[in-house]
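Chains as they are written, first to last, in the numbering used here: chain A, 262 to 359; chain B, 262 to 359.
Bear in mind the hints are in silico, worked out from the structure with no lab data behind them.
Check before you lean on any hint, since a few could be wrong.
Identical copies look the same in the list; a pair holds intra-copy or inter-copy alike.
Unchecked claim - The calculated DSS-like cross-link candidates involving lysine-lysine, where the alpha carbons are at most 27 Å apart (straight line), are: (1) K318 to K275; (2) K340 to K318; (3) K318 to K338; (4) K330 to K340; (5) K318 to K330.
Protein chains: 2
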Amino acid sequence: MTADQAEQVSGLLKAIADPVRLRLMSMILSHQGGEACVCDLNDAFDLSQPTISHHLKVLHQAGLLDREKRGTWVYYKAKPEALSAMNTLFATAGRQPS
Amino acid sequence: MTADQAEQVSGLLKAIADPVRLRLMSMILSHQGGEACVCDLNDAFDLSQPTISHHLKVLHQAGLLDREKRGTWVYYKAKPEALSAMNTLFATAGRQPS
Chain A
262 MTADQAEQVS
272 GLLKAIADPV
282 RLRLMSMILS
292 HQGGEACVCD
302 LNDAFDLSQP
312 TISHHLKVLH
322 QAGLLDREKR
332 GTWVYYKAKP
342 EALSAMNTLF
352 ATAGRQPS
Chain B
262 MTADQAEQVS
272 GLLKAIADPV
282 RLRLMSMILS
292 HQGGEACVCD
302 LNDAFDLSQP
312 TISHHLKVLH
322 QAGLLDREKR
332 GTWVYYKAKP
342 EALSAMNTLF
352 ATAGRQPS
């Protein structure tokens, strides 16, 4: 891993290293088509809508989520390319002899 | 992902969300047997030995690394169980339809 790659991945990890944002990412990833309506995400948490919106904005700005407005609602989708570098790092651990 | 799991994983992610610590983890994981001597890690970075030691200590305290003293040197090994929760989360992204 080069210093540049490490800078990039650490930015993504900092954005996701929060319990609410982790659960939001996990929920979006496990949704049909890897996409979730902000209305479903609001319903799933015992938090105010502005708080959920703030966390989604952080994930979006970090490049982890795409967002698209369709009709009344905004839909969020994980960006697989942003996660692939993290995936590669952690997947290595599973291949180590114990 | 439950709230408890999210708390646990976010602690691990906060520990690893730093460029130097990411490169240390990556280096240890890619070493023979998933284990590296602190002497090799010191040589690989243009940073002081106390700085490297500090970063290794953070990773150790977060539960990402095991450490063992053998002779003069300390050896660090990644803990696959600590990484598996992160791995599961990010691997999901690769299975999403694009």
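Outcome of the hint check:
1. K318 to K275: both (14 Å within a copy, 19 Å between copies)
2. K340 to K318: within (14 Å within a copy, 32 Å between copies)
3. K318 to K338: within (12 Å within a copy, 36 Å between copies)
4. K330 to K340: For K330 and K340, the Cα distance is within 27 Å only inside one copy (16 Å; across copies 42 Å).
5. K318 to K330: within (14 Å within a copy, 45 Å between copies)
This entry satisfies every hint, going by the numbered hints stated previously.
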